[in-house]
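Colleague: Spelled out, the chains give:
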Amino acid sequence: MTTLLNDDFYERLMSLHDGLSDEQSARLNARLVLLMANHIGAGETMDGLLEKAQEDQT
Amino acid sequence: MANYQYQPFDYVKPPELEGGEASTVPVAIIGAGPIGLAAAIDLAQRGIKVIVLDDNNVVSIGSRAICWAKHTLEIFDRLGIGERMLDKGVTWKIGRLFHGEDEVYNFNLLPEDGHKYPAFINLQQYYVEQYLAERCAEFPDLIDLRWKNKVVDHQDDGDLVHLTVETPDGAYALAAEYVLACDGAGSATRQRMGLSFKGETFEEQFLIADVEMEQSPFETDEPERWFWFKPPFHNGQSALLHKQPDNIYRIDLQLGPDADTEHEKTEAAVMPRLKAILGDKPFKLDWMSVYKFQCAKLKRMVHNRVIFVGDSAHVVSPFGARGGNGGIHDVDNLGWKLAAVLGGADQGLIETYNTERLLGASENVQNSSRATRFMTPKSSMEMMFRDEVLKLAGKEDFARKLINSGRLSVPCALPLDQETDAKAPRKIGTVIVDSPVSKDGKACQLIDCMTGNHQLLMLNQSGADLYDIHDGQLDTAQRLKDSTNLLAKRYGVNCAYLIRPDRYIAAITNDVSEEALNHLATLARHTGATNERAA
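One line per chain: the protein sequences are A and B, in this order. Sequential numbering from 1 applies to the first sequence in this note's numbering. Sequential numbering from 1 applies to the second sequence in this note's numbering.
In case anyone wonders, no lab produced these hints; they're calculated from the structure. One or more hints might be untrue.
Subject to a maximum C-alpha distance of 25 Å in a straight line, what follows is the list of computed SDA-like cross-link-like pairs (lysine to any residue) [said to hold, decoys possible]:
#1 K395/B <-> T58/A
#2 K395/B <-> L13/A
#3 K391/B <-> L4/A
#4 K401/B <-> L5/A
#5 K391/B <-> E23/A
Turn these sequences into a full structure, and let the hints guide you.
Modeller: Spelled out as structure tokens, the structure:
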């Protein structure tokens, strides 16, 4: 699947965190994860993403 | 001075100590709490003689279990005290959820039309026990309720359980074909048998208090339920306020893991906390307790002729009211099976109690552990997620669904699936839903027509025929009219349901020929979930 994520998106995502403390950033990320999870919907896609996120745990 | 007037029950010197012979009874029940008393009534209604032995002689001190869910109320209806509970109990509709100073949202539990019982009521455990004890007295020939009779030993010889019972007048022996251990979370029966009772222990401490106040603490006279995450009056924890009968309000306050238990129990510590919630309105402290809890269950609830029922078999956190309700679900599952086995049915039926109620217990443990985790996040990141869920919930419906201050007790689904391709609105392994009907020209509810036997509900164009089933054969039918069309909506037409005594649907068919219905009736002999099905 091709992705629509591009430099423009990345810049916007990063700019959300401009000027935020680590805690504020963490909270923003938490809200974003929740909103995205709701958008995707529970199920196999979400299960796969959870697994993938866990794979790169350092 | 407590609001409720505790009337001690009379101790009577047992006949065994008056020179009578040692009794052998079909069933001895250890513990006269709500579970033991409900079990006694269920068995007595099936004609089984029971002796109930309790080491104490009063009902529950303190309100303890107060929240009785719909399914449980319908069981109590069958046991004869449901309507009395409903009359006395408090039914709230508006719930408000706060995060800090702000109300995140509120909801209205508008009841669905056509049910005899609401989603739940609040009623103190002492009333429930009192009603149950009074109902027991209506079976003087079948229920022998013995207060201040403490079981101190038991031996299962394979066919009989031999009990040693201590009383103020000395000890005596008793034998029973089956013993129900309804002796609560600290079950002495379980301890005597050295059974493992492991699970998750939570370090969080909670203050539970009942206060009596004339003026409502809510902004309206209607009873509401208020729940706070991080309440402004109580640093960083959660709080719950809801109403019981007699102008008693229940307050639950999360105190944290490091609270000084002995200090928190003092009035000097409690009163300022309560004033912070209730403001300047006058109130009187009625009862309080500081507690921790664990979620744990037995590996097996049936040990030959000793059967564990209620808290003796499984304990959960209070969130979701799954302790008292879960125990009554145990009783409902066991009563008909034990009565059938005492009447000659295969003992394997009791094994299905073990299978089915361990499933229920697992579900209750899982639900209450999840609620506990939401209320007591384990890390700072988990706390952030929890708080952001609360923040989003102000405007996002999906986030409201993640908020967990307890998932109210509902009956667990059972793996009863028979091979079926029947099409019907209800599913095998679920509990029937109530509906208005009329019988003999009078309006009533489907729940009122349940007899506690196996039954067969056959839907037709004008309503339904509800047969009792005895010995695998259709017996007399009640002719029900569908006065509101809700019966057809909830059950369909031209289909038939085999219903167990505990109102679980065990089979469904679209073939409503006489032959098919007779066949369905024969299945009534085998309607318990086995281990293979549950696996």
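Colleague: Indicate, hint by hint, whether the structure satisfies it.
Modeller: We went through each hint and held it up to the structure:
1. Between K395/B and T58/A the CA atoms are separated by roughly 36 Å; this puts the pair beyond 25 Å, and the hint is violated.
2. With a C-alpha separation of about 22 Å, the suggested pairing of K395/B with L13/A holds against the 25 Å cut-off.
3. Between K391/B and L4/A, the direct Cα distance comes to roughly 29 Å. Violation of the 25 Å bound is thereby established for this hinted pair.
4. Restraint check for K401/B and L5/A: not satisfied, since their Cα atoms lie roughly 30 Å apart, outside the 25 Å limit.
5. Restraint check: the Cα-Cα separation between K391/B and E23/A comes to about 15 Å, which is no more than 25 Å; the hinted pair holds.
Of the hints listed earlier, those the structure fails to meet are numbers 1, 3, 4, in rising order.
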